[in-house]
Amino acid sequence: MNTPEKPVPPVNSWTAPYWEAARKGKLIIQKCRDCQKYIFYPRMSCPFCFSDRIEWVQSSGRGTVYTYTIVRNNAPSAFLADMPYVVAVVRLEEGVQMMTNVVGCAPEEVHCDMPVEVIFEKLTEEITLPKFKPVKK
Amino acid sequence: MDDLKGKVAIVGIGEVPSGRFPEREPIVSAVASARQAIIDAGIKKEEIDAVIPTAALWSPQYNTELVCCRIVEELGLCGKARMNFQVFSGGSSCCNMLKTAAGLILLGLARSVLCVHSDRLGTGVTGQGGIDLFSTAGISKEWEAPYGLHYSAIAGLITQRYVYETGTTEEQLASVCVSNRKWAELNPNAMFRKPLTIEEVMASKMLSTPLRAKESNVLADGGAAFLVTSAERARKLTDRPVYLLGEGSRVTHFALSQEPDMTRFAWAEAAEEAYRKAGLSPEDIDVAEIYDSYPVFQLIGLEELGFCKRGEAGAFVYAGNTWPGGKLPMTTNGGMLSQGHTGAGGGVALMVEAARQLMGKAGERQVSGARFAVVTATGGTYMDSYVTILGTEIP
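Note that the protein sequences, when read in sequence, are chains D and P.
Under the working numbering, residue 137 is the last one in the first sequence; the count climbs by one each step, no gaps.
Under the working numbering, residue 395 is the last one in the second sequence; the count climbs by one each step, no gaps.
Because the hints were derived from the structure by calculation, they are not lab data.
Please note that the accuracy of each hint is not assured.
Quick partial rundown of chain P residues pointing at chain D, CB under 10 Å, derived from the structure [as the list claims (entries may be wrong)]:
#, residue
1, Gln128
2, Ile131
3, Thr136
4, Glu142
5, Ala145
6, Leu157
7, Thr159
8, Arg161
9, Tyr164
10, Leu207
11, Leu211
12, Ser216
13, Ala255
14, Leu256
15, Ser257
16, Pro260
No more than 27 Å apart at the CA atoms, straight line, and that leaves these computed lysine-lysine pairs for DSSO-like [to be verified]:
#, chain 1, residue 1, chain 2, residue 2
17, P, Lys309, P, Lys277
18, P, Lys327, P, Lys309
19, D, Lys133, D, Lys6
20, P, Lys7, P, Lys45
21, P, Lys141, D, Lys24
22, D, Lys131, P, Lys141
23, D, Lys122, D, Lys133
24, P, Lys141, D, Lys6
25, P, Lys205, D, Lys6
26, D, Lys122, P, Lys141
27, P, Lys141, D, Lys26
28, P, Lys236, P, Lys45
29, P, Lys277, P, Lys327
30, D, Lys131, D, Lys31
31, P, Lys141, D, Lys133
32, P, Lys141, D, Lys37
33, D, Lys31, P, Lys141
34, D, Lys24, D, Lys131
35, D, Lys24, D, Lys133
36, D, Lys37, D, Lys131
37, P, Lys194, P, Lys327
38, P, Lys99, P, Lys44
All values derive from a computational prediction rather than experimental measurement.
Just so you know, even glycine gets a beta-carbon here, dropped at the ideal spot from N, CA and C.
From just these sequences and the hints, can you work out the full model?
Encoded structure:
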């Protein structure tokens, strides 16, 4: 049986800078120039104050695991070969939350509120996915 | 918005058994459920001037038939029905169908509204096909799907944080499935009716930690319908109209990662609104039809709707309080964990069950003297929180 291709995120005009930065190993997020709030995932306008004066800023790349799950069985077809893998919601220091994978440790070592930092995994020539690994003590 | 109270009522319900029925076309489930609801209400079908089918996920072609008035034609309402249109928000569709029906009736745009659902998720999609369908439906293509997210993982993520914050045990979570099964044992329309034990749940395969296979809903074929009319008309049809007393709701997110509190969502706000409109409090509720799909949602529901203190719902269910004969009968059709998950129909079945209990037509599982029921529903990746309060009296 052929393993289906992994889903590749579509890129559009307002998300292109994010993917371009990820390709270069940088995690950037948006910040509203008017209300000063951080924004993730990238939006066309500020979801807080509706301003369209949005800038890109570099994230510290550090955060904590808000929650996680170890996928052991019944994954989508494209991910069956990856089991067990960890899906997690990471809360960045800037306060925004993102869906991601935690890698670089045994799945059993992951826990809620665990400090993590960003790493990058190439998916295609165009797309590199930010993922997270435990911060070494 | 507050003057919905007691203005419309559910007067008829219909439902076909949930499960795997390869020979049963979904249109048959839809029409059979609709017909039952009309006969149950005791009205002439010509009184129905609006038909609201919710969406079916199994096949775009079947769904288009629902959009294109097939139910109107099958019921012989051509030239008489004034409108047929879909209302769809996934699992919370039932609440939006009822609200839409209420609005049409209150504005004088319709007299009686038939809300109907049917789908074929049990035999229409295969096991892996079902997992793959639910790794795209409602999941962000850009920000979530690339990480291997799917519905068991969503339930795993939510359960993990809930357990972390509340100390709820695996046995307590498993006991929710047992509670639902005890009700399903008494429900001839349920897919799973064999007794289930906590040990069996705990011994089932781990899917996405801490969620196990028997804590996951199973996709099913099914259909259900409910008929809504004005309170005035309802009182002429029956001495037990099931009035809409109050409703409250909030939409919280599209991408699950954007939800700031996965152990609460917006149930408390939605419930506060619904109780206020109905003039009732949690102590007044006789039956709680809490949307399940996974056990953690019933625990969150019990706490956020004010039936239990934060972190105590697990012990409350484990002690048998939500079982048949318990203090707070919960999800009395067995829910999606036992009656089966028919897509948008999971919520429709709970709305129908609430009405059935209040009408006194729940047979072996009838909660005696039930006057007030609460129904919760949510769609997609738990993207919205809907609370509806129904009753046979207007408090």
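Given leucine 256/P was flagged as interface, is its beta-carbon under 10 Å from a beta-carbon of chain D? 7 Å, holds
Does lysine 26/D lie within 27 Å of lysine 141/P when you go C-alpha to C-alpha? 21 Å, holds
For the hint on alanine 145/P, does the least C-beta distance to chain D fall short of 10 Å? 4 Å, holds
Can you verify the interface hint for glutamine 128/P: is its Cβ closer than 10 Å to any Cβ in chain D? 6 Å, holds
For a C-alpha distance cap of 27 Å, please report whether lysine 141/P and lysine 24/D respect it. Given pair lysine 141/P, lysine 24/D holds - Cα atoms ~22 Å apart, limit 27 Å.
Holds or violated: threonine 159/P as interface residue toward chain D, Cβ cutoff 10 Å? 8 Å, holds
Just to be careful: measuring from the Cβ of leucine 211/P to every Cβ in chain D, is the smallest value less than 10 Å? 7 Å, holds
Does the alpha-carbon distance linking lysine 99/P and lysine 44/P stay inside the 27 Å limit? 23 Å, holds
Measure nothing beyond the straight line between the CA atoms of lysine 122/D and lysine 133/D; if it is 27 Å or shorter, mark the hint as holding. 15 Å, holds
Is the Cα-Cα distance between lysine 327/P and lysine 309/P 27 Å or less? Distance ~15 Å between lysine 327/P and lysine 309/P Cα, so the pair holds.
Regarding the pair lysine 24/D and lysine 131/D, is the alpha-carbon distance no greater than 27 Å? Distance of about 14 Å is within 27 Å: holds.
For the pair we were handed, lysine 309/P and lysine 277/P, check the Cα-Cα distance against 27 Å. 23 Å, holds
Violated hints are absent here; each numbered hint is respected by the structure.
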